[in-house]
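Novice: Listed below are the residues making up each chain.
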Amino acid sequence: NAGVTQTPKFQVLKTGQSMTLQCAQDMNHNSMYWYRQDPGMGLRLIYYSASEGTTDKGEVPNGYNVSRLNKREFSLRLESAAPSQTSVYFCASTLTGREQYFGPGTRLTVT
Amino acid sequence: QKEVEQDPGPLSVPEGAIVSLNCTYSNSAFQYFMWYRQYSRKGPELLMYTYSSGNKEDGRFTAQVDKSSKYISLFIRDSQPSDSATYLCAMMNLQGGSEKLVFGKGTKLTVNP
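In order, the protein sequences belong to chains A and B.
Mapping the first sequence onto my numbering, position 46 (from 1) lands on 83, and the numbers just tick up by one.
Mapping the second sequence onto my numbering, position 60 (from 1) lands on 66, and the numbers just tick up by one.
Just chain A, with the same shape it has in the complex:
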């Protein structure tokens, strides 16, 4: 089992460019999450999906969109990147809600 995988691992964007971060899990988990992690701010929830076809906003959803393509995949899209979106992005999944499994992260820099 690969667990939770994320692509790409690193990305540099110019202000205004768009991109999609991909996440997939092979653990048959129902719920999936997108977080961002910034120095001094901890992990903050961007969006959450309890099941295929459903999504819910987290603490910091502005500037992002998500798609729960199927049970395995949950993507995060930045339509017009801004320097404030420079961060490390983590995807996570869970079966029970209590034990979240995290991917390795995507390091995004917006110049």
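Incorrect hints may have been included.
Unchecked claim - Subject to a maximum C-alpha distance of 25 angstroms in a straight line, what follows is the list of computed BS3-like cross-link-like pairs (lysine-lysine): (1) B/Lys48 / A/Lys46; (2) B/Lys62 / B/Lys73; (3) B/Lys73 / A/Lys94; (4) B/Lys8 / A/Lys94.
The set of hints was computed from the structure by calculation and includes no laboratory data.
Values in this document were obtained by computation on a predicted structure and should not be read as measured data.
Let chain A serve as the given structure and place chain B on it in line with the hints.
Specialist: Leaving out everything else, chain B in the frame of chain A:
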């Protein structure tokens, strides 16, 4: 006031020391309390979780929850250099079907050989 407060440290201890990491919280509805460990440039991994008040032990790690004080702790006995990481507390209220975790900011721990 943030829902979950955690001293970011950094905390530096000699090998073999007992480490105490703590978080306070304001939401009395939290029912599950987790500790995650995050090595540098890696994703967080779950160490252990506790339901409601009480203690839970797993090897050198002990988690304590005091709901009356809204205070949780993680103790590491006989700390090792391999324990050097950032430790994040997290909490959850499952009422209403919500499966969202609220994280502390993390405490960076260094264990010196």
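Novice: Against this structure, judge whether each hint is valid.
Specialist: Cross-check of the supplied hints:
1. B/Lys48 / A/Lys46: The given pair, whose Cα atoms are some 11 angstroms apart, holds under the 25 angstroms limit.
2. B/Lys62 / B/Lys73: holds, 14 angstroms
3. B/Lys73 / A/Lys94: violated, 28 angstroms
4. B/Lys8 / A/Lys94: holds, 19 angstroms
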